[in-house]
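S.K.: In case you want the letters, here they are:
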Amino acid sequence: MKYSLFNLIRNTFSGHSRWTPAWRDATPKTHYDVIIIGGGGHGLATAYYLAREHGIHNIAVLEKGYIGGGNAGRNTTIVRANYLLEGNQPFYEWSLKLWESLEQELNYNVMMSQRGVINLYHSDAQRDAYVRRGNAMLMHGSDAVLMKRDELRDMLPYLDYDNARFPILGGLMQPRGGTARHDAVVWGYARGADMRDVDIIQNCEVTGIRMENGAITGVDTTRGAIGANKIGLAVAGNSSRLAAMAGMRLPIESHVLQAFVTEGLKPLIDHVVTFGAGHFYISQSDKGGLVFGGDLDGYNSYAQRGNLPMVEHVLESGMAMMPSLGRLRVLRHWGGIMDMSMDGSPIIDKTPIDGLYLNTGWCYGGFKATPASGWCFAHTIARDHAHRYNAPYRLDRFMTGNLIDERGGGPRPNVH
Amino acid sequence: MKEAAYRNSAGGLIDRDRPLKFYFDNVSYQGFAGDTLASALIANGVHLTGRGFKYHRPRGIYTSGTEEPNALVELREDARREPNTRATLIELYDGLSAMSQNRWPSLAFDILSVNNLLSPFLPAGFYYKTFMWPKQFWEKMYEPFIRRAAGLGRAANKPDPDRYERATLHCDVLVVGAGPAGLVAALAAARSGARVVLAEQDHRVGGHLLSTSTTLDSKSAESWSDDIRTEIEAFEDARLLTRTTVFGYYDHNILAAVERLADHLPVPGAHGARQKLWRIHASRVILACGAFERPLVFGNNDLPGIMLTSAARTYAMRYAARPGSRAVIFTNNSSGYDALADLAAGGVNIVAVIDPRSDIDSQSIAQAEAVGARILNRAVILGARGHLHVRGVDVDAAGVRERIDCDLLCVSGGWNPDVHLHSQTGTRPVWSPDIAGFIPAESRQRELSIGGAAGQFDLANALITARQRGLDAARECGFMSSAFDLPDVAKGSSAYSIEPLWRVAGYHGKALVDMQNDVKETDIGLSAREGYKSVEHLKRYTTLGMATDQGKLSNVNGLGILADELGFSIESVGTTTFRPPVLPVAIGVFAGSSRGQHFSPTRYTPMHDWAVRHGAKFVEAGQWLRPRYYPRDGEDMLAASCRETLATRNSVGLCDVSTLGKIDVQGADAPEFLNRLHSNGFARLPVGKARYGLMLREDGLVLDDGTTTRLAEHHYFMTTTTAEAAAVMAHMEYYHQAIWPQLDVQYCSVTEQWASMAIAGPNSRAVLQKVLTRIDLSNEAFPFLAATEFNLGNFRARLFRISFSGELAYELNVPAGYGESLWQALMNAGKEFGITAYGTEALGIMRIEKGHIAGPEVNGQTTAGDIGLGSMLSSKKEFIGRPLAAREALVDSAREQLVGIRCNDSSMRLYAGAHLVEPDKAAVIENDLGHVTSVTYSPMLKTWIALALLKGGTTNIGKTLKAVNPLMKHEVNVEVVSSQFFDPENTRLHV
Amino acid sequence: MRINCPLCGERASDEFSYLGDATPGRPPSGASLKEWHDYVYLRDNPRGPHHEYWHHVGGCRAWLVIHRDTFTHEIFDVGLACDIEESVG
Amino acid sequence: MSEFTYTSPLAGVIKPGVYGASKTAPGVAILETWRSLYSIMPRNGQQSVVSGVTRERYGLPLPDIGRVTSNAEHSMIWSGLNQWMLAGALNETDINFPELADALKDMAALVDHSHARSIIRLSGSQARHTLAKLCALDTHPRSFSSNYSAATRMAHISTLIHQIDAAPLYEIYVPRAFARSFFSELCEAAAEYGYIAEPLRRDP
Ligand SMILES: Cc1cc2nc3c(=O)[nH]c(=O)nc-3n(C[C@H](O)[C@H](O)[C@H](O)COP(=O)(O)OP(=O)(O)OC[C@H]3O[C@@H](n4cnc5c(N)ncnc54)[C@H](O)[C@@H]3O)c2cc1C
Ligand SMILES: NC(=O)c1ccc[n+]([C@@H]2O[C@H](COP(=O)([O-])OP(=O)(O)OC[C@H]3O[C@@H](n4cnc5c(N)ncnc54)[C@H](O)[C@@H]3O)[C@@H](O)[C@H]2O)c1
Ligand SMILES: Cc1cc2nc3c(=O)[nH]c(=O)nc-3n(C[C@H](O)[C@H](O)[C@H](O)COP(=O)(O)O)c2cc1C
Ligand SMILES: [Zn+2]
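Chains as they are written, first to last, in the numbering used here: chain A, 1 to 416; chain B, 1001 to 1991; chain C, 2001 to 2089; chain D, 3001 to 3204.
Mixed in with the good hints, there may be bad ones.
[Claimed, not checked] The calculated SDA-like cross-link candidates involving lysine to any residue, where the alpha carbons are at most 25 angstroms apart (straight line), are:
#1 A/29 with A/197
#2 B/1877 with B/1734
#3 A/148 with B/1937
#4 B/1510 with A/20
#5 B/1140 with A/175
#6 C/2034 with A/246
#7 B/1140 with A/155
#8 B/1617 with D/3007
#9 D/3023 with B/1271
#10 B/1140 with A/154
#11 B/1510 with B/1401
#12 A/266 with B/1078
#13 A/64 with A/351
[To be verified] Here's a subset of chain B near chain C, in silico, CB distances under 8 angstroms, partners left out:
#14 1251
#15 1252
#16 1254
#17 1281
#18 1426
#19 1444
#20 1698
#21 1699
#22 1730
#23 1734
#24 1737
#25 1738
#26 1741
#27 1878
#28 1883
#29 1884
It is worth saying that the hints were derived from the structure and are not from the lab.
Backbone N, C-alpha and C define an ideal beta-carbon position, used for all residues, glycine too.
Chain A extracted, bound-state conformation:
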């Protein structure tokens, strides 16, 4: 059923009893042209674009739990395209463009809100690095604004300008950056895919990958074996486990990243603000909670649960950046399992196994990538070669040295 004000009103008069499911609860068929493993944003978007752009409809998305229960459902919802390197910026700019018309495209309000993303800088070296990056963004056709301390003070009066250990000197802002309602993105893509006949199968964990003569034939799942010509992995933090089922080792480690939300408040923070002297970033959700996060806990984990030292560390940064936060209360904090890659950039590529495609390495930046990731992955699966936007995201780039290392952290996933 189309979502519109008209239909909302019409349904009101029938006591909202006629709304149809946003997506069917499909039962697995015996065979699909394409199986996407992972019902997160990326997996569902991939299925959506496969159906919409490439006319493939015999598709299943297999999700071990409930759709959106992975990182798609636990991220801090920041959408931006403020990358430095040539390998990254065109992809993320394309993603941002897709975001800008996503609600109309999906007929689902994902509450994309271009509130502006501001990265603070605290030293001349940091400023220079931001100038380099801002210029790269502009040269790629994105938007970027360098803000001086006084301009920031007017715009973000609540920051600590006067007693900070690392004084705020300015910031790099991307006005088109912002936030989106994470769950709605998942549900919107699920609904869109479902309308194009994609089977969304929840509570269906893939436990094995079937191959014959080096080519994919299907998967084993907790709901039985399912045949497939092609399989796309979009399982974020679980990528290594799935790849292992196909006998592959990946340049990926799984790490826990925590996020936090406060009690609901009247409007306080209008932008997304990122602290440059520690790991901290914050925005306010439409519901009023301040949503924030920081750095990885630092060790490999599949627990979706972090530990106290990082909680303290994140909030130290929060207080250092914005000392009026002191009396607001943390309502809840949780963790998600990040697919941290060896250079901090993603991989969207074919694998050496015929019919097996890989989408991983999103680190803590994959939410904003959702539309373009699905779009490029669908292209790669359908056409068997990369689109120009994901061409740099090759699996063999560590072998050739074509690294895409924005932070220069080297092969230590926990520092990216």
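Given chain A, put chains B, C and D with the ligands in place with the hints provided.
M.R.: For chains B, C and D with the ligands alone, kept in the frame of chain A given last:
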């Protein structure tokens, strides 16, 4: 000030000798010490305390504890304003002021309550279906409106003026909750001699017993509890923390608790913190957190004047405050009857008990008869009546409808054991049909629940288990003791019995499941119909359980209704995930004292005070503070640093370089170790010589650079950059310990031991010679890269002839405590040459003039070749990073490589971060050739110069390019030159 | 988490820094580029027991090899990296 | 006598007096001290030989991990993996470095750290509670007592702590550059109990 009309004249745990004045919405009232804000409001007959989140329906005090969804207020004012504070948890203090929130213009008349009328159009998730057209309207109109309407209280807009602290506690046994179960368990463990911590969020011990007239060994609950408290506190190794909520359960039995040291005071005392964060490391944990009473879901169940039965009992007994005069009880379980006598004793006239069950045990019936209340069985309340307060209820008793007037409606839907902390350990609670609630599952950590938290609602039995668990926990930690006698519990109640009722069929009005987030019973059905069937989807689609109470009241009812809708059992529906904190916790306390200047420690060099006295401006270099420049009257940074540069290049300058990392390396295999660490060779470095070294990471990119000096056959002294000092040390430790432990090498950081100063410039030798009178500093005796160690005064010092500035220069290291004195001596000695202290800016100018790389060039993305050091990769030996440095893309000659650039027009300036394009090309990425890394004005060349990373590197020398900086709306033509701008032959070094 | 450092005893995990998988052995001299690539870049990354390097930076500065479950975070064993490497040879 | 003067890292920062909540009965005493300090790192397989040398010279064998051997003047403090700190007498420079270096030649690396650490003596009835705010070490007498040492982080700073007696009296070794930050955190932690502060009694 109004009289407290609903205060009973006797009873209660309040101090009637200490009356307190307080304000709610600017009206003043009176309460007593011992009151909470909620109890004091009730004593004053104030029930309307807030408005619902979405429909702005009037709301009153619903509970007496942490689960309160409605009575949320803005407490205190100005910088101390605390939004969303639960009235039920605030201890009254004199002058307390609280405001209601989320209403306009007033609590009783709230404009947005039209939402209540519009509510049919605003079911769960309506916003996903609309507000999409026209596209621009979302950000300009809809969203700002939604945001203003959403949220509850207003945050303070000034820095929090209070202090916070953090501390760590270690114990054998942590007991959470000092209700009867926790008290007994803690006592048992403490008597065994174990180190015990007992944490209780209330300011008194006794738990729910304080709300009852229960007697133990014929003592009142409070005196029995206080006796145990006294005994526990007498143990040297036991510690009772009151006003302390344990809110987080982390791995390996680390728990987090917040102690509210001053929230019951107008302001914290001098030197006192507002709150303290405890990190508790416990060998064993006993959870005795009790249970929460469950609401019932029927029409208008959110009207003020409706509250949990246990809350009404608490107000009546503990606070001597009458929550109403004429009460109806709606209960599906025996505990509702247990409260009757206490309510009646508290002056509440109970007219009827509405019970949906057909069989009611005789004990319960007797309890009702004792207070003269009618029992209506097989009965439910269809709806409550009233506008701003409940005035009556519509009852359906086995098909017979009846209206009963009342001003208090007490509900009890059964009890939910508080499994929150238990569930945080990564396990999920399990359904117990016996109590119709979730109880703890098997433990993942060394943790057990007792009492109400374990679903044990029989006090006498709970105490027996509590004692046993306390003894067991202590024994497991190696402490033995025997059981002790437990009190006789006056037995007035029946065994707990319940028949779950998730919702009343055929109710009228709205039936709220989550009162704070305004989730209605119908929303759950809608969610299920629309495919949001998983509990997690239900939660996210409807926001059930996402409010500040995190579903403490609403979740289980919601699950029950969902299970009904889907035709599943409640256990197969399961719970959502429990997350810390158990109760919302102030951000300030997590940060403790680490805020403002205390956010991160500051490192000071030995010469810091001298620099302060001489007017230096400082710059942060990691945690260090370094003198940046030493302005003289009115100079700005550029003028000062140019003067410092010229003084150095023309005569002599002195620079504090103590922040460089310094590592002492010794041992038989020291030469071999250094050889493996560096891309160039160190094994054959002569004793008494320094050499510039380069280190790669294992992936072949540059890690760091620095000089290393051989002090003796098996003794080297290494320096690193300031930024990478810690990383290099850890890198060495890793390779030595984890990869090559056979190497006989010993090393440690000596960064802190040495004050280091660079003395540079043509007159540096002359100045130095005046101080180091006994060393021959002539070029022959002490040439470039020479190093020596010697006695100076009563200490050892080291001298190196190395140069970052490109001048004749030395680095002198003396023990840190003598740094300032030596510095002063050099300044004195240099007076005749006009010696000038220079800071990091001048240092930067000189290094760029010389084309020396630093942080912007060694940024983790560059290879040795990129930064012009390709020749430092030895082909004769193995070293870390060598194999992977050879990857095709890393040796591609088209990579961006180090060059110098300068402005053709000396009046034009350059900016770091600009990109390079051909002069006639546009600033678009297709034309991008590289970027500018480090920029300075060169006082020697009298123009702006820069280092850059440029595709093709030095093959471009002589070309004209354009440095484009669209971000700063700037561009300028530049010439590509060698990165060695000044004295490329290094003649000045060797004089 | 609490880590039982063989030298310092039990300490909170924030005194330690983490490096990663301790299973792969550093390739011998003369190893191929592929071997180096696999060593530096590829990981098993299991959900479950995992041998990993931690550094007691805030304490004794020993590098440790910790056998830890990446799902439950349970620690089975902690050893000094130098002892383990020495015994491997 | 040297023509050069020593400056303590806390010079001008630590001022004698009584501070914080309780001026009459302060619970904590903070005293700046000085000792010469040498770190001793035995060569591979030389630990017992080195221990023999230090026993012979000072009566101080290398202690076990986490322990300290001491006599009236000196202490030998375990300070980390394969590392011990020889601490000289209070406020004296009494260890002959070249001589000791010679005695340990080819047996151990000896590194002068005398200026690398700021040393704070901490005592008083509330010393343990104060430490609980600075570090996560369990200072209960059952876990940590006289002649124990630990390398641990306090207020984000890597430190070495040595418990001297059961009073308790502690010595905390703080990297020199961090001394001021450490001192200010220490004062912040002790303020609740009140504290006496005393600067270095005499220069080395
Ligand atoms: C705390 C946190 C904050 C973040 N903040 C941001 C941010 O602000 N901006 C941003 O851009 N990104 C952010 N991210 C990153 C972003 O959330 C992820 O990169 C992105 O969501 C990953 O893609 P996904 O949505 O497809 O992954 P997921 O949602 O994790 O999808 C993977 C799915 O695969 C399923 N699965 C796994 N194994 C199997 C199996 N064997 N069989 C079947 N199904 C399986 C999982 O259950 C899961 O649902 C953050 C992440 C976290 C955890
Ligand atoms: N339905 C009922 O009749 C019912 C309900 C609850 C308790 N009880 C009776 O009480 C007996 C035992 O009571 P109990 O001691 O288990 O519960 P209790 O409710 O008396 O005590 C729990 C205590 O824990 C404290 N607490 C809860 N969470 C905390 C936290 N995170 N941090 C610090 N303190 C926390 C509470 O403030 C309270 O004082 C039961 O066996 C039963 O007889 C009966
Ligand atoms: C952007 C965002 C906002 C959130 N806001 C709330 C909130 O207001 N209340 C709440 O209880 N949880 C909120 N959550 C957290 C979720 O309840 C949940 O913890 C998170 O999605 C992870 O799932 P899990 O805890 O079920 O594992 C929010 C999560 C996100 C990502
Ligand atoms: Zn250790």
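S.K.: Now, for every hint given, state plainly whether the structure supports it.
M.R.: Taking the hints in turn, this is what the structure says about them:
1. Only pairs whose Cα atoms come within 25 angstroms are accepted, and residue 29 of chain A paired with residue 197 of chain A is accepted, the gap being roughly 13 angstroms.
2. Proximity of residue 1877 of chain B to residue 1734 of chain B is assessed by CA-CA distance (about 20 angstroms); at most 25 angstroms being required, the pair is judged to hold.
3. Pair hint residue 148 of chain A plus residue 1937 of chain B holds up; C-alpha atoms about 22 angstroms apart against a cutoff of 25 angstroms.
4. Only pairs whose Cα atoms come within 25 angstroms are accepted, and residue 1510 of chain B paired with residue 20 of chain A is accepted, the gap being roughly 23 angstroms.
5. For the proposed pair residue 1140 of chain B and residue 175 of chain A, the alpha carbon gap of about 14 angstroms is at most 25 angstroms, so the pair holds.
6. For the proposed pair residue 2034 of chain C and residue 246 of chain A, the alpha carbon gap of about 20 angstroms is at most 25 angstroms, so the pair holds.
7. Between residue 1140 of chain B and residue 155 of chain A the alpha-carbon distance is near 18 angstroms, which keeps this suggested pair within the 25 angstroms criterion.
8. Our distance criterion of 25 angstroms between C-alpha atoms is met by residue 1617 of chain B and residue 3007 of chain D, whose separation comes to about 22 angstroms.
9. With a C-alpha separation of about 12 angstroms, the suggested pairing of residue 3023 of chain D with residue 1271 of chain B holds against the 25 angstroms cut-off.
10. In summary, the hint linking residue 1140 of chain B to residue 154 of chain A is supported, as the alpha carbons are separated by about 21 angstroms, within the 25 angstroms threshold.
11. For a cut-off of 25 angstroms, the pair hint linking residue 1510 of chain B to residue 1401 of chain B stands: about 19 angstroms separates their Cα positions.
12. For the hint pairing residue 266 of chain A with residue 1078 of chain B, the CA-to-CA distance comes to about 15 angstroms; that is within 25 angstroms, so the pair holds.
13. Proximity of residue 64 of chain A to residue 351 of chain A is assessed by CA-CA distance (about 23 angstroms); at most 25 angstroms being required, the pair is judged to hold.
14. For residue 1251 of chain B, the interface hint holds, since its Cβ comes within 8 angstroms of a Cβ in chain C; the closest pair sits about 4 angstroms apart.
15. Taking 8 angstroms as the C-beta contact cut-off toward chain C, the hint placing residue 1252 of chain B at the interface holds, the least distance being around 4 angstroms.
16. A distance limit of 8 angstroms between C-beta atoms decides the matter here; for residue 1254 of chain B the minimum to chain C is near 7 angstroms, and the interface restraint holds.
17. For the restraint placing residue 1281 of chain B at the interface with chain C, the shortest Cβ-Cβ distance is roughly 7 angstroms, inside the 8 angstroms limit, so the hint holds.
18. Among the interface hints, the one on residue 1426 of chain B holds; its C-beta lies about 7 angstroms from the nearest C-beta in chain C, closer than the 8 angstroms criterion.
19. About 7 angstroms separates the beta-carbon of residue 1444 of chain B from the nearest beta-carbon of chain C, less than 8 angstroms, and the hint is met.
20. Because the smallest distance between the Cβ of residue 1698 of chain B and any Cβ of chain C comes to about 5 angstroms, under 8 angstroms, the interface hint for this residue holds.
21. The closest approach between the C-beta of residue 1699 of chain B and any C-beta of chain C is roughly 6 angstroms, which is under the 8 angstroms cut-off, so the hint is satisfied.
22. Hint on residue 1730 of chain B holds. Least Cβ distance to chain C is approximately 6 angstroms, under the 8 angstroms limit.
23. For residue 1734 of chain B, the shortest C-beta to C-beta distance to chain C is roughly 6 angstroms, which falls under 8 angstroms, so the interface hint holds.
24. Hint status for residue 1737 of chain B: holds, given a least beta-carbon distance of 4 angstroms to chain C, under 8 angstroms.
25. A least Cβ separation of about 4 angstroms between residue 1738 of chain B and chain C falls short of the 8 angstroms threshold, and the interface hint therefore holds.
26. The closest approach between the C-beta of residue 1741 of chain B and any C-beta of chain C is roughly 4 angstroms, which is under the 8 angstroms cut-off, so the hint is satisfied.
27. Nearest Cβ of chain C to the Cβ of residue 1878 of chain B: about 6 angstroms, under the 8 angstroms cut. The hint holds.
28. A least Cβ separation of about 4 angstroms between residue 1883 of chain B and chain C falls short of the 8 angstroms threshold, and the interface hint therefore holds.
29. For residue 1884 of chain B, the shortest C-beta to C-beta distance to chain C is roughly 5 angstroms, which falls under 8 angstroms, so the interface hint holds.
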